[in-house]
Every structure is written in C-alpha cells, then in structure tokens.
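Engineer: For reference, the chains in residue letters:
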Amino acid sequence: MDLGAINPVLLVASLMVSATPILLAAIGELVVEKSGVLNLGVEGMMITGAVVGFAIAVNTGSPLLGFGAAALASAVLSLSFGVLTQYLLSNQVATGLGLTLVGLGLSSLIGKPYEGVKSTTLPDLHIPLLADIPVLGPMLFQHDLMVYLSIALVAAVWAVLKFTRFGLILRAVGESHDAAHALGYKVVRIRLMAIAFGGACSGLGGAYLSLVRVPQWTEGMTAGAGWIALAIVVFASWKPWRVLIGAYLFGGVTVLQLNLQAAGTRLPVEYLSMSPYLITILVLVIISARGYHGAPASLGRSFYASS
Amino acid sequence: MNRRTLIAGAALALGLAGTAMAQDKTKVGFIFVGPVGDGGWTYEHNQARLALEEHFGDKVETVFQESVPEGADSERAMTQMALSGADLIFTTSFGYMDPTINVAKKFPDVKFEHATGYKRADNVSTYSARFYEGRAIQGHIAGKMTETNKIGYIASFPIPEVIRGINSAYIHARKANPDVEFSVVWAYTWFDPAKEADAANALIEQGADVILQHTDSTAPQAAAEKAGNVITFGQASDMIEYAPRPRVSSIIDNWAPYYIARVQAVMDGTWESKDTWDGIGPGMVGIGEITDAVPAEVKAEALALKDAIANGEYHPFTGPINKQDGTPWLAEGEIADDGTLAGMDFYVEGLTGEIPN
Amino acid sequence: MIRLVKRPQPSRFWTAVTPILAVLLTMVVGGIMFALLGKPPLEAIRIIFWDPLFHPQFAAYSRPQLLVKAGPLILIAIGLSIGFRAGIWNIGAEGQYIMGAITGAGVGLAFYPMESFIIFPLMVIAGALGGWAWGMIPALLKVKFGTNEILVSLMLVYVAEAWLASVSSGLLKNPEGRGFPGSRNLQQYDSAANAEIIAGTGMHWGVVAALIAVIFAYVLLTRHIRGFHIRLTGEAPRAARFAGVKPARVVLFCLGLSGALAGMAGLFEVAGPAGQITIDFNSGYGFTAIIVAFLGRLHPVGILLAGLLMALTYIGGELAQLMLSLPGASIQLFQGMLLFFLLATDVFTNFRVQLGRKGAA
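Read top to bottom, the protein sequences are chains B, L and F. If you're matching positions, the first sequence starts at 1026 in my numbering and goes up one per residue. If you're matching positions, the second sequence starts at -1 in my numbering and goes up one per residue. If you're matching positions, the third sequence starts at 7 in my numbering and goes up one per residue.
Bound conformation, chain B alone (with noise of 0.2 Å):
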C-alpha cells in the first residue's frame, strides 16, 4: 500500500472531468423539478445526446458542433416528454420511464455506423497565467472548455434563479401551479422551457461522455449516468451550488475509490459504492426532519387549467 502514490492535484484535476456529465445532466433536471415537473428520463436524454453528438463531431469533424447537436437533439426528445405530460396530462413518473426507453433504444439504432470510429475531441485550454500557478493551475485552469461551461451553466441557474424575475416565475409555478395560474402565468409553457432546457443540458453530459471523457461511441455507453443525475439532484436539495457539491462527490466516490485500489488499498468497494446514495437519503431526512420539505411542492403533479 502506498497512499504516496495518490497526487491529488492529479486526482482533483481527473475527478472534475469524471463529474462533468453528471454535472451537466443534474443541473438541467434540477431546473426541470424547480418547475415542478419530475423527468426521469435523464439517462435516455443524455445518451441521446451522446450518440448525436458523436455523429455530428465525427461528420462535421467539429466538436463543437457535436455538443450543439446534442443539446438540440436531446432537447427536442425531451419535447415529446413534454407534450404528454404537459398537454395530454399523462403520469410524469411513466413517461419519463417511457423516455428512457426510446431514448436506450433510439440512440442504438443511430449509432450502428459509428461503433469503432474515432473522433476529434475538445483541446485543454490552459488559461494564461492561471494555469502556471503551481498546484492550482494544474489542478483547476488546464480543462477543456465544457468543464469551464458546466460550471458557468451553475452559476448561471443559481443566479437567475435567486435574482430575476423569471426565476421567481419558475419557482413559483414548481411551487404551487394552481396559484401561479391565477395570478395569470402560462404555467405549461414555462414548464415545456424548463424540459427543453433540462433536455439540452442532458445531452450536452451525453456528449461529453463520448465526446470528451471516454471518447467513443459504444451502445448503452451511460451506463446509469442519468440515474445518478436524478440522485444528485435530491442530494443538493434543490439547489444549484449544492449541484456541484454533489457531482463532485459522486464522481469523486468513484474516482477515489479506483485510486485507492491503484495505490494497493484493500476496500470493499460495494459499501463505496452506495454511500453515496445513503447519504443523500441522510441529507432528504434531515431537510425534512428541519420542517423545510426542499423539494418542490408541485413535483411530479399533473397541471389542468380548470378555470
């Protein structure tokens, strides 16, 4: 055994880029619950998005356009959940089910011609300046741009959540949709833009994952992404810093634990492995048990416009 051998510049530096597509995914559902509505299809999103992009990085030989695909293609899948919760009223727990489904089975049959093709994968900028700072630099400024963006994307739902007036307007309607309806809001519509932004996050951490972290495209290549995803949502209860708290631990159990073996430790890696998820019923209990429920009141309710 030798713990010596872990660096952890190295170790925070590869846990930032394991956590980014659950990072991306779980931003976007906590968007998506926020609104009041519950999609568990985030797993069949994000590999819809995995696929896509891979396709259209490898055609276009442009990443870049690959993650805009993406988060395109996902969104519009994510439309279809949309549609039939919000306008045909159907149970939000099934269809989300339901998403999984066509977006597993979708994604495969796209995917046949690009098994065992390579693609160009996003650069690491190195920030100037920043990325010469002994240990920090490494260890933060050396990223591709997507890990950059991910973080960005949570500073930018935390704040227009907390100060604009959309925010309020999403909150309000996850909070209580019959109330936001009458004081005149167009509840359905805010909450299509949630799915369709929650879609494209989804398939911007598909894309990552084929794109940036793996890279390939391989059938059923998530392999559970999206559910952890929808954990991390819970774990940070609701909020978007805690996002960011919570991708880092879940991918970083990972991580860490792969290291520890590496460095000779002997674990038992199942109790690792659902730690995580112990802990984030440790934290629900103790948001409830504190009287604050956290999470949305609407969540996973039907909206019908009676009046």
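Misleading hints may appear alongside valid ones.
What the hints assert, rightly or not - Each computed BS3-like pair below joins lysine-lysine, with the alpha-carbon atoms no more than 27 Å apart:
| hint | chain 1 | residue 1 | chain 2 | residue 2 |
| --- | --- | --- | --- | --- |
| 1 | L | 148 | L | 25 |
| 2 | L | 117 | L | 104 |
| 3 | F | 179 | L | 23 |
| 4 | L | 104 | L | 25 |
| 5 | L | 148 | L | 173 |
| 6 | F | 150 | L | 103 |
| 7 | L | 23 | L | 272 |
| 8 | L | 25 | L | 57 |
| 9 | L | 142 | L | 297 |
| 10 | F | 45 | L | 57 |
| 11 | F | 179 | L | 117 |
| 12 | B | 1137 | F | 45 |
| 13 | B | 1211 | F | 12 |
| 14 | L | 297 | L | 25 |
| 15 | L | 297 | L | 173 |
| 16 | L | 224 | B | 1137 |
| 17 | L | 272 | L | 148 |
| 18 | L | 117 | L | 103 |
| 19 | B | 1137 | L | 25 |
| 20 | B | 1264 | F | 45 |
| 21 | L | 23 | L | 57 |
| 22 | L | 142 | L | 103 |
| 23 | L | 321 | F | 179 |
| 24 | L | 224 | L | 297 |
| 25 | B | 1187 | B | 1137 |
| 26 | L | 173 | L | 321 |
| 27 | L | 103 | L | 25 |
| 28 | L | 117 | L | 25 |
| 29 | L | 23 | L | 103 |
| 30 | B | 1187 | B | 1211 |
| 31 | L | 23 | L | 104 |
| 32 | B | 1143 | L | 23 |
| 33 | L | 103 | L | 272 |
| 34 | L | 224 | L | 142 |
| 35 | L | 272 | L | 117 |
| 36 | F | 45 | L | 25 |
Think of the hints as simulated: they come from the structure by calculation, not from any bench.
Dock chains L and F against the given chain B, drawing on the hints supplied.
Structural biologist: Okay, now just chains L and F, sitting in the frame of chain B:
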C-alpha cells in the same frame, strides 16, 4: 400449415422431443450477452458468426439474439431458437451455463456449445480460449517497455480467468524486468467505458506507463493516448484504431476457426461433446500486430515467445513458481495442470495486494 | 383552438377503446420504423403480436412463457397501483424486488442441503418480509419526517443493487461455483425450487400469487372500507382526513404492501425461472412494473391485461429478433412507443376534446 410445421407441432406435442427434420441448410444459432456493437466480447463472437456465413455460404443459416440477460430470459431465447429448427446453438457467456444444460435436456437432437463454462452433457460441449498465453506475450513486452517499472492492470471480476491473466502477465514481465511492479484495479464490470477510463487515469496518474486491461471497451486506450507516453494492448478485439501508439499489440478472440470446425462436424455427423481449451496454436487466441513503437529486438523476442507457445515448446506456467505467500506451487520444470489453472484463485509470488472475494 | 374539458366521470367507452387505439398507432409507427430498417413491417408486427400466441411452431412454448414473464410484472404492479391510487409513489420496487430475492434465497440456502416441505413457504415469507422491510424505510421516513417517498425509494434501489453485488460475490456465493460470482442454483435444490405446478403450463407459485393479488386488490378497492380510504386519500386528501382516515396508516399500509409483493415477486423469480442470485439477475422488473401499473390504468383487471400485453411485446420481440434479425434496440424503441401512445391516448378517458373558440364552453 405446411408439412414441416406440422411435424414440428407434433414433435412439440410429444414433450419438446426435438426438431430433427430433413433440412438442406444447417441452422446455427447464437445467444449473445451484449450488443453486437460492443466492440469487444460479443463483437468478436459476431465476427465469427459472419465468418461462418462467409465460409459455408448457402449451406448454413445463422440466427442470433443480442443483449440476452442471463437467467430466465436466456433459457427462453435458447428454447425458441431450438424450436425454430437450429441444429447447433452457441451460448456465449458464462452465465448461460445452467440454462444451456436445462434446454439441452429438452432438445436431445440439438447440439449446444457453451463458452467458458464447465458443465457438459451428451449434446453440450464447452469451449474457451487460453487467453493467458497471450498475456504472457503482453507481459514480456510490458516488462521490456516500462520505464517507470510500474504496470497497471484493469481487472474485471475476481474469477479464475482474470486471475490467470494477471499471473501470466506478471510472471513474464518479471522475467523481462526484475524490478517491475503490478498495480491491479478491480473495476467490477466487463463493460463501462466511463469507469474504465477512470481506472486507466488513476493508474496512469500513479505512474504506470503500461496499461493492461481485462475489460472490453477502448476507453483505456483513449486515456493512454491522451496521457502520451503510455502503452496499451487491445483486449478481445484488435483495437487497431489506436495503433501504433498507445496500442502496441493485442489479444484477439478469434472464434472463427472453432466455429467453422464445429459446424462442419455437425454437417458431417461427427459432432461429439467435448471440452475445448485452445490457445495461440490452433488460432483461437490471436496476437494482433506488434507495432513499430516496440523496439525491433523486443518484438523479435515476443514473436519467438509466441512461436514457442504456439508449437507447444513452452508453457507460460512452467516452474519454478511459488504462490504469493511463498509456498511452492510448481517445481523446476513442472508444468501447471489444466485443473489448477481452471480454478486458479491465488496470486503468484511477487504480486502485491489481495484478491477480493 | 383545441381545449380539453374534464369529464365528470372517466369515460367507459374511451377506457376500453384507448388501449386498442394505442396498439394500432404503435403498429403503424412501429411498422414504418421496421420498414426504414429494411425489414418487412407487416411480418414484423405479425411476429410480435400474433406469433407468440398462435404460431404453430412456437406458440405451445411461448404461451406459457407469457405467464412466466407477466407473473412478476403483475404481482409488483398490483402492489404499486394500490399506493398510486392513494397518491403514494413507490418507484423503488426494483430495490424491494432485489431485497426480497436476497432474503428469500438466503433463507433457502441456509437450509441447504436439507430437504423439507417447510423450506419453500419459509422462503416466501422471508422474501415478502425482505421486500416489506425495504418498503418500510421510505414509509417510516415519510411518516416521521415527511421525507419524499419517490426519492427515498429510488435511492434505495441503488443501495439494493450494491448489496446484491456484494452478496453474490460474498455471502451467498456458491462454494462449488469455481470462484464465479453467483449463488447455488435453487432450481437444483428441490425443497427450495419454485418449479412449475403443472409441467409445461408456465404456472409457478409466482403466477398463482399474481392472480390471487389481482382478486385481492379488486375486492380491496371495490368492497372494503380500507380500499375506500385509499381511494379517498388519493382523490380528495382533505375529505379523507375529515372522514377520519389516518394518513400515516395509509402510507405504512401502501408502501408495506407494495414492498412485500415486490419482495415475493423477487423470491419467486430467483427460486424459479432465474434460479440463482447473480450480480444482475434483476432485469428491471421493478421499473417495468410501474409502466404496467399505468398501462393498466391502476385497475386490477387492467393490470392483469397490461402485464400480459407487456409480456407479449417482450416475447414477440424476441421472436422478431430471431426470425427477422431485427436489432434488439428496435424492440426497445417499439415498447417505448407503445407506452407513449397509451399514455397519450389516455387523455380521452378523462377529458373531452373540444374544438372551437375558448368562450364557447
């Protein structure tokens, strides 16, 4: 209803007695555990299926079902295949062992071939490949090429096949370079690209400059390519898209010769239940091209080793070899027996760490 | 302008017609998909919906298999639907299914190799208790702290999966399994095996339990005061409180019941068709059952039919793969479409579609 289905219906009524019908084509079925596009294990079995079609042309008809979960679903998939008139069915995952035996009982006239298992019956054969022979060559190249003397190994599950591979690679790396150290990471998955990438990165960051993998995706190759001065070996399939660096060679599962021989045996009526464990010699284990990233003399040594193994002059587990705790296992010149190898649950001397259970 | 107007009562006509409409729509769109994949669409649809039931070569085998596949789905979905009726959202049936299988199989394996008629009933009880206990965690947390049961039950699925991985390569590992992860095969241990009751019919105890559950749920919901309380809690929580219904009791009852049924389903599966505990023996039945519950409109008889329909698309899909070399993914997509269309057409059951200007109503 035509005559053929009528007969089949009657056969079914007699308790699934079988589907022995006069057929001009030999029908061969495949049960796959993953999607045919996984780029690794299932991909190679499917390549062999295609080779079968190529080889026999009109004389065979192949059918397959992909992503079949182990357990009840696989039993149904096999039964339906047998009912559809398959003469020979390859079930290509360890977890299909009991279902294969169950279904084979119901269809005495259909032949079954189960990959990597150990239960046989009159109409069930087993087959597997001596991947550890390929690991020996990888170990040699790895030992010669490493500059940090640290070799990373991404393992899947602590089962005999994987442990055998680690031991074989280690023994030969050690012979080539006495200072070499192995660092084994158990990923507990056969296929999870993101996790495999993380595992490769963890090993590379801790100083490994050679990565061996016993998982199926190319994610570790990509991680090594990004890191720069790290070499890797293709697993299951050639992974040639990462040559000449980081991928310097590979172990290829080449099932085609075996599948062709077994189908031929069914056609000739000479098929018998047997246990096949083939290696480099008969061509079941292929060694992918050793690229120019490997110095010429190392390449020559590796190829010599390959030839020696192929023609039976050398066995990768030849004594003296001690177990990890120092107790003797093989005496000078002694060769490991297949029984011990098949159930291998210990590390050889020099490896650090414990096998999880 | 199209407007939806809520019906005072769900339409009986549309309740019956929408599933048929959805299946037809799926056939049309799915057929187009199959055609795009270069496969004969009509034949593909015939294989999926018709051949498992009536194909001369396969039907004698695949008809009983429908029961085997539908059994656990129905059993779990019945439990879930009772909770859903009360507005209690247990989406962690997958976890309860796994825990039931582990505890049930664990009890059976503890007796190995003793033979006794008492072992199997004990396993069933242990399986039900395992699932029940796993379901009681979100129930108690909800009652005590008001924690959201959707999220807790979902989180517990991941915990159960990690636990499954642990026991199948540790505690319950077959000592004669040559180091491979996975328990002994319960099919080969007579006292613990959940074998077919009449050979060749697909009827095993899990299917029997599913049928009993359907009847039980029907009686509960239509004839029993507790069923009335459950429905009232879901439809009018305030009225329920005035009527003296204790919400905590309803929560404990619903989550406990759905957990116990899911746990039993897990045990029947692991002791029967699956045979052994392995790292991934759970093939998503707990999640598919949620879909089945909704396809069945949360009604016991509906769930019975929905479970059979779902099983039909699985088995028909397998046959289509076998006979037409359709990719497995296209079947997944096909099932997703079926679900989407069923959910979409459901709107007609509860709403009237009105054409015309807004003021006209």
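Engineer: Give a verdict on every hint.
Structural biologist: A quick look at each hint next to the structure:
Restraint check for residue 148/L and residue 25/L: the C-alpha separation of about 49 Å exceeds 27 Å, so the hint is violated. At roughly 16 Å between alpha-carbon atoms, residue 117/L and residue 104/L fall within 27 Å of each other, so this suggested pair holds. For the suggested pair residue 179/F and residue 23/L, the alpha carbons sit about 43 Å apart, so the restraint of at most 27 Å is broken. In summary, the hint linking residue 104/L to residue 25/L is supported, as the alpha carbons are separated by about 18 Å, within the 27 Å threshold.
Between the alpha carbons of residue 148/L and residue 173/L the distance comes to roughly 14 Å, so the proposed pair stays at or under 27 Å and holds. Of the pairs offered as hints, the one joining residue 150/F and residue 103/L is violated, with about 54 Å between alpha carbons and a cut-off of 27 Å exceeded. In summary, the hint linking residue 23/L to residue 272/L is supported, as the alpha carbons are separated by about 24 Å, within the 27 Å threshold. Between the alpha carbons of residue 25/L and residue 57/L the distance comes to roughly 9 Å, so the proposed pair stays at or under 27 Å and holds.
Taking the CA atoms of residue 142/L and residue 297/L, the gap is near 10 Å; set against the 27 Å cutoff, the hint holds. Annotation: proposed proximity of residue 45/F to residue 57/L holds, straight-line Cα distance about 23 Å (limit 27 Å). Of the supplied pair hints, the one linking residue 179/F and residue 117/L holds, its CA atoms being roughly 18 Å apart against a limit of 27 Å. A C-alpha spacing of about 16 Å is found between residue 1137/B and residue 45/F, which places the hinted pair at or below 27 Å, so the restraint holds.
For a cut-off of 27 Å, the pair hint linking residue 1211/B to residue 12/F stands: about 19 Å separates their Cα positions. Between residue 297/L and residue 25/L the CA atoms are separated by roughly 42 Å; this puts the pair beyond 27 Å, and the hint is violated. Between residue 297/L and residue 173/L, the direct Cα distance comes to roughly 16 Å. Compliance with the 27 Å bound is thereby established for this hinted pair. Simply put, residue 224/L and residue 1137/B have alpha-carbon atoms about 25 Å apart, close enough for the 27 Å limit, and the pair holds.
Between residue 272/L and residue 148/L the alpha-carbon distance is near 41 Å, which puts this suggested pair outside the 27 Å criterion. Restraint check for residue 117/L and residue 103/L: the C-alpha separation of about 13 Å stays at or below 27 Å, so the hint holds. At most 27 Å may separate the alpha-carbon atoms for a hinted pair to count; residue 1137/B and residue 25/L meet this at roughly 26 Å. Between the alpha carbons of residue 1264/B and residue 45/F the distance comes to roughly 49 Å, so the proposed pair goes past 27 Å and is violated.
A threshold of 27 Å between alpha carbons decides the hint, and for residue 23/L with residue 57/L the separation of about 5 Å falls inside it, so the pair holds. A hinted pair counts as satisfied when its Cα atoms are at most 27 Å apart, and residue 142/L with residue 103/L does not qualify at roughly 51 Å. Between residue 321/L and residue 179/F the CA atoms are separated by roughly 24 Å; this keeps the pair inside 27 Å, and the hint holds. Among the hinted pairs, residue 224/L with residue 297/L is consistent with the structure: their alpha-carbon atoms are about 24 Å apart, no more than 27 Å.
Restraint check for residue 1187/B and residue 1137/B: the C-alpha separation of about 44 Å exceeds 27 Å, so the hint is violated. For the proposed pair residue 173/L and residue 321/L, the alpha carbon gap of about 16 Å is at most 27 Å, so the pair holds. Taking the CA atoms of residue 103/L and residue 25/L, the gap is near 19 Å; set against the 27 Å cutoff, the hint holds. Restraint check for residue 117/L and residue 25/L: the C-alpha separation of about 24 Å stays at or below 27 Å, so the hint holds.
For the hint pairing residue 23/L with residue 103/L, the CA-to-CA distance comes to about 24 Å; that is within 27 Å, so the pair holds. Between residue 1187/B and residue 1211/B the alpha-carbon distance is near 20 Å, which keeps this suggested pair within the 27 Å criterion. The suggested pairing of residue 23/L with residue 104/L holds, with an alpha-carbon distance near 22 Å, which does not exceed 27 Å. Restraint check: the Cα-Cα separation between residue 1143/B and residue 23/L comes to about 39 Å, which exceeds 27 Å; the hinted pair is violated.
A threshold of 27 Å between alpha carbons decides the hint, and for residue 103/L with residue 272/L the separation of about 16 Å falls inside it, so the pair holds. Between residue 224/L and residue 142/L the CA atoms are separated by roughly 22 Å; this keeps the pair inside 27 Å, and the hint holds. This hinted pair checks out: residue 272/L and residue 117/L have alpha carbons roughly 10 Å apart, not beyond 27 Å. Our distance criterion of 27 Å between C-alpha atoms is met by residue 45/F and residue 25/L, whose separation comes to about 21 Å.
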